Structure formats: structure tokens, C-alpha cells
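Line by line, the protein sequences give chains A and B.
Going letter by letter, the first sequence gives residues 0 to 85 in numbering that gives the first Met the number 0.
Going letter by letter, the second sequence gives residues 0 to 85 in numbering that gives the first Met the number 0.
If you are wondering where the hints come from, they were derived from the structure by calculation, not from laboratory data.
Incorrect hints may appear among the rest.
Heads up, simulated DSS-like pairs for lysine-lysine below, C-alpha to C-alpha not over 25 Å straight-line [claimed, not checked]:
1. K34/A - K34/B
2. K31/B - K26/A
3. K59/B - K26/A
4. K31/B - K34/A
5. K34/B - K81/A
6. K81/B - K31/A
7. K26/A - K81/A
The model shown is predicted, which means the values in this text are computed figures rather than measured ones.
2 protein chains.
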Amino acid sequence: MKFDWTTLIGLIAAICTTSSFLPQVIKILISKRTKDVSLLMYAILTTGLFLWLVYGFILKDFPLILANSISLTLSLCVLLLKIRHG
Amino acid sequence: MKFDWTTLIGLIAAICTTSSFLPQVIKILISKRTKDVSLLMYAILTTGLFLWLVYGFILKDFPLILANSISLTLSLCVLLLKIRHG
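Taking the hints into account, I'd like the entire structure generated from these sequences.
In C-alpha cells, the structure reads:
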């Protein structure tokens with residue numbers, strides 16, 4: 000029972016942190032504005048998520064690979080939109 | 000040797016993703032502008048990071064607790080600044 004609850008909390012946590020960048024991507028696609036979004040944040044975040052993905056591949060850890068693939072894609076979207084819109 | 004490289008990649012990844020929110024906090028503190036920052040993103044992200052912290056406490060996993068404490072604090076700062084500045 001304890002294991003199930005713990006796994007559930009971890010799963011919801013992973014879904015939240017992974018999907019959280021989607022509203023930011025959608026917001027930018029609609030407004031085409033990124034002035035208040037930090038370029039440095041998304042540069043560091045994208046680098047970090049890429050390294051997490053490499054880490055996941057080395058460990059052959061499927062949840063790490065899946066979660067970080069999604070996060071990296073979304074973070075990269077924000078980064079590219081920020082570079083485009085300034 | 001492989002273990003060392005893997006741990007190093009994981010460590011750098013953790014430092015990047017954890018510290019990445021700091022430039023966004025500093026940017027907002029200087030500009031006092033959050034118009035282009037997504038409220039929904041930081042609401043979901045803060046919830047997710049809080050759940051990761053709970054998960055870390057249940058597993059008594061010190062790296063999880065440390066990394067998510069820092070991320071949660073920074074994410075919460077952005078969320079509160081977004082609520083304040085709109």
C-alpha cells in the first residue's frame with residue numbers, strides 16, 4: 000500500500016514537472032511575445048535536460064528517457080521561440 | 000571509470016536544471032515584469048516540484064530532497080512574483 004502511494008506521488012510529480020512547460024509554449028505561440036522570459040534560464044535548462052537524457056540513456060532507464068525527452072522538446076521550443084521573438 | 004562519468008553527467012544535469020530558474024527570478028526582480036511568463040506553467044511546476052519533494056522525503060533520498068528544495072523555492076518565487084506583477 001505504501002509502495003503504491005509513493006509511486007503514485009512520483010508519477011503525478013513527473014507528469015506535472017514534465018508537462019508544465021506546455022502552457023508557456025502555447026502562451027508564446029499565441030502572443031508571439033517572450034520579452035519577460037529569461038533566455039539564460041532556458042539555455043541552462045535545455046542543457047540540463049539534454050544531460051539528464053544522456054544520463055537516462057547511459058543507465059537505460061526508460062522513465063528518465065521518456066520524461067526528459069518530453070521536457071527537453073518543450074524547453075527547446077521555448078528557447079527557440081525566445082531566440083526568434085527576443 | 001564509467002560510473003564516474005555517469006555520476007558526473009547526472010550531477011551537472013542536476014545542477015543545471017536546479018539552478019536554471021535563478022536567472023528568471025533575477026530578471027523579474029530587476030524588470031518587475033512578468034507579462035510573458037505563463038502563470039499556469041509555474042502553478043503546475045510548483046505543484047510538481049512539491050510532490051517530488053514529498054516523494055524524496057518518503058524515500059529518504061537526500062539528492063532528491065536537496066535538488067527539489069532548491070527548485071521548489073525558485074519556482075515558488077517566480078509564481079509569487081507572477082501573481083504580484085501580473
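Verification of the supplied hints:
This hinted pair checks out: K34/A and K34/B have alpha carbons roughly 8 Å apart, not beyond 25 Å. Restraint check for K31/B and K26/A: the C-alpha separation of about 19 Å stays at or below 25 Å, so the hint holds. Pair hint K59/B plus K26/A does not hold up; C-alpha atoms about 37 Å apart against a cutoff of 25 Å. In summary, the hint linking K31/B to K34/A is supported, as the alpha carbons are separated by about 12 Å, within the 25 Å threshold.
A C-alpha spacing of about 14 Å is found between K34/B and K81/A, which places the hinted pair at or below 25 Å, so the restraint holds. Of the pairs offered as hints, the one joining K81/B and K31/A holds, with about 19 Å between alpha carbons and a cut-off of 25 Å not exceeded. For the proposed pair K26/A and K81/A, the alpha carbon gap of about 12 Å is at most 25 Å, so the pair holds.
In this structure, the one hint that does not hold is number 3.
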